[in-house]
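Asker: These protein sequence lines map, in sequence, to chains A and B. Here our numbering is used: the first residue of the first sequence is 14, the next is one more, and so on. Here our numbering is used: the first residue of the second sequence is 14, the next is one more, and so on.
To be clear, the hints were calculated from the coordinates, so they are not data collected in a lab. There's no promise every hint is true.
Only pairs whose alpha carbons sit at most 27 Å apart, straight line, appear in this in silico BS3-like list of lysine-lysine [said to hold, decoys possible]: (1) B/Lys240 with B/Lys211; (2) A/Lys160 with B/Lys160; (3) A/Lys288 with A/Lys26; (4) A/Lys240 with A/Lys288; (5) B/Lys188 with A/Lys188; (6) A/Lys211 with A/Lys188.
All figures in this text were calculated on a predicted structure; none of them were measured in a lab.
Protein chains: 2
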Amino acid sequence: MSLILALDFGGTKLAAAIADANSQEWLGYERCLSPANANASTDLDIMRSLIHSLLQEVKPTAIGVSFGGPVDANTGTVRLSHHVPGWENIPLQELLADEYGVSVGVDNDANVAALGEYRYGAGVGYDSLFYITVSTGVGGGWILNGKPWRGANGMAGEIGHMVVDPAGPICLCGKRGCVERLASGPYMALDVREVLLKNEPQRTQRTQRGEILRGLVKGNLELITGKVVSEAAVQGDELAQDILHRSAWALGVGIGNVANLMNPQRFVLGGSVTKAGEDFWRVIRQVARETALPEINFEVVPAELGDDAPLWGAVALALDTV
Amino acid sequence: MSLILALDFGGTKLAAAIADANSQEWLGYERCLSPANANASTDLDIMRSLIHSLLQEVKPTAIGVSFGGPVDANTGTVRLSHHVPGWENIPLQELLADEYGVSVGVDNDANVAALGEYRYGAGVGYDSLFYITVSTGVGGGWILNGKPWRGANGMAGEIGHMVVDPAGPICLCGKRGCVERLASGPYMALDVREVLLKNEPQRTQRTQRGEILRGLVKGNLELITGKVVSEAAVQGDELAQDILHRSAWALGVGIGNVANLMNPQRFVLGGSVTKAGEDFWRVIRQVARETALPEINFEVVPAELGDDAPLWGAVALALDTV
Numbered sequence: 014m015s016l017i018l019a020l021d022f023g024g025t026k027l028a029a030a031i032a033d034a035n036s037q038e039w040l041g042y043e044r045c046l047s048p049a050n051a052n053a054s055t056d057l058d059i060m061r062s063l064i065h066s067l068l069q070e071v072k073p074t075a076i077g078v079s080f081g082g083p084v085d086a087n088t089g090t091v092r093l094s095h096h097v098p099g100w101e102n103i104p105l106q107e108l109l110a111d112e113y114g115v116s117v118g119v120d121n122d123a124n125v126a127a128l129g130e131y132r133y134g135a136g137v138g139y140d141s142l143f144y145i146t147v148s149t150g151v152g153g154g155w156i157l158n159g160k161p162w163r164g165a166n167g168m169a170g171e172i173g174h175m176v177v178d179p180a181g182p183i184c185l186c187g188k189r190g191c192v193e194r195l196a197s198g199p200y201m202a203l204d205v206r207e208v209l210l211k212n213e214p215q216r217t218q219r220t221q222r223g224e225i226l227r228g229l230v231k232g233n234l235e236l237i238t239g240k241v242v243s244e245a246a247v248q249g250d251e252l253a254q255d256i257l258h259r260s261a262w263a264l265g266v267g268i269g270n271v272a273n274l275m276n277p278q279r280f281v282l283g284g285s286v287t288k289a290g291e292d293f294w295r296v297i298r299q300v301a302r303e304t305a306l307p308e309i310n311f312e313v314v315p316a317e318l319g320d321d322a323p324l325w326g327a328v329a330l331a332l333d334t335v
Numbered sequence: 014m015s016l017i018l019a020l021d022f023g024g025t026k027l028a029a030a031i032a033d034a035n036s037q038e039w040l041g042y043e044r045c046l047s048p049a050n051a052n053a054s055t056d057l058d059i060m061r062s063l064i065h066s067l068l069q070e071v072k073p074t075a076i077g078v079s080f081g082g083p084v085d086a087n088t089g090t091v092r093l094s095h096h097v098p099g100w101e102n103i104p105l106q107e108l109l110a111d112e113y114g115v116s117v118g119v120d121n122d123a124n125v126a127a128l129g130e131y132r133y134g135a136g137v138g139y140d141s142l143f144y145i146t147v148s149t150g151v152g153g154g155w156i157l158n159g160k161p162w163r164g165a166n167g168m169a170g171e172i173g174h175m176v177v178d179p180a181g182p183i184c185l186c187g188k189r190g191c192v193e194r195l196a197s198g199p200y201m202a203l204d205v206r207e208v209l210l211k212n213e214p215q216r217t218q219r220t221q222r223g224e225i226l227r228g229l230v231k232g233n234l235e236l237i238t239g240k241v242v243s244e245a246a247v248q249g250d251e252l253a254q255d256i257l258h259r260s261a262w263a264l265g266v267g268i269g270n271v272a273n274l275m276n277p278q279r280f281v282l283g284g285s286v287t288k289a290g291e292d293f294w295r296v297i298r299q300v301a302r303e304t305a306l307p308e309i310n311f312e313v314v315p316a317e318l319g320d321d322a323p324l325w326g327a328v329a330l331a332l333d334t335v
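Given these sequences and hints, build the entire structure.
Answerer: Structure, rendered in structure tokens:
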């Protein structure tokens, strides 16, 4: 049996799983959270122990790795992590190849998740697709002609920093109105919190804007997250609905622009924010359709592999190395 | 000798040229303007006569065609022309192959020009590039992995209808603030004209905004074109400079967004508007650099083949068919 080892260095969590080349289910799966003071060395040690508990002494056929940060996929060298220190220029592919004596493929999480959805998920049968993850950040990965497109420096896919509203709020990257600034969970939470801090509860005709939001966190505004915004929106909070609507609008404009530019068959959307309900999807699809030229056809569909997309993509990446 | 015939159906002009496979210069070149009441049939007749005067009875080795409008490049079928009636679903590749008995390649002008610059111009040695033409409209063509990327429906490259300012003026496509709406020659002329029609000459500290513009067309505002706007800007007209600056800004945002999304090595810019001077280029480069993430490297360079880019691209397209 050909045993494929898939690893996911996720920034806040680490996961390892094994599959054989033809299985559509995991033969084994281990995950744990990164410790508070994680660095590259502790991440690697934890990953080694996950691998040991999965494999014991059995040698895998190949290893695929999804890494939450920029990677030089040609050499499998991690450039850095935005969450965990010590990952600067770590030759992860070489390191694992030496340690386990098998071929290894390493790429960043968005590219790997795109590959996962293409081989095993919502992208099966679609030779050109753009995978977008919308959660803590907004990132993307390309499949063109059935293969990952990583760009000249391995930096392709950064839809999160496409400007969709030059008059919008300032993003950490220094620009205004990036897709990520408007659409990601933490920024939605930030914007909602600011409105609630600034304004005393306001009375509209029907209900107070933000009242449901305040209730969900029992008045402790620091507890508001993207998920809380989604919940409040579903329950009818108009402030939450407005913020979520703006998130969907930003994604819709971004997707429409990408459709005009690259004309892929499918957009596959995953990540926690995309679980915000039918209304959220309706706005994305409508705005994307309005933004794209009428002659350009495309579909916007939910990811099928959920949080496992990077791990399944890592399986595909590993299989491509053998 | 292998004689390659290159044809350019340009909307307002028709051109034909011959080269041998290794030549960097034309062996023969014919062009003429489309008549006022042109249709597909008159375009084809004029092109036949251009070909006859170039080739006499000699048979070319292959034919490449650049067409100014959407084309299904797989079959070489023209979908339509936005300028000349009667081109709906004309199987141009089949038609020419039957008539001349040789292999034929047909694609739209932006894709063909991209191929031309890649093989013979500013893109030589750059495996991933985006060619942008900025003149009557704004269009683009992709080279990825050294080959044209046309998209799932052959519609890739439409940077002209990327929205860069959702609060901007309305474009013919129905959206606001498309790159083409802000950057193309006719729209720049339109916007300048509107300002001049609305306002009596205004006095600023140094000179009247629009004074030079009015002078260049001797008061007949209908004569203002994109070229006139460029000239007035160079001569110091502040209104013309503002409009041209906005054009460069829109292109810069578009290019920066594309750099984030696809990470190509080079952007090659051609078309009449790109001849607007150093200041125009400086703004494009600066805004593109600010819009792209700092880790993403790219260059923005002028096209080298000028108006001949589609014809040289047609040579490359023809060579690829044999």
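Asker: Give a verdict on every hint.
Answerer: A quick look at each hint next to the structure:
no.: 1; hint: B/Lys240 with B/Lys211; verdict: 21 Å, holds
no.: 2; hint: A/Lys160 with B/Lys160; verdict: 14 Å, holds
no.: 3; hint: A/Lys288 with A/Lys26; verdict: 20 Å, holds
no.: 4; hint: A/Lys240 with A/Lys288; verdict: 9 Å, holds
no.: 5; hint: B/Lys188 with A/Lys188; verdict: 23 Å, holds
no.: 6; hint: A/Lys211 with A/Lys188; verdict: 24 Å, holds
Every hint, counting from the list given before, is met by this structure.
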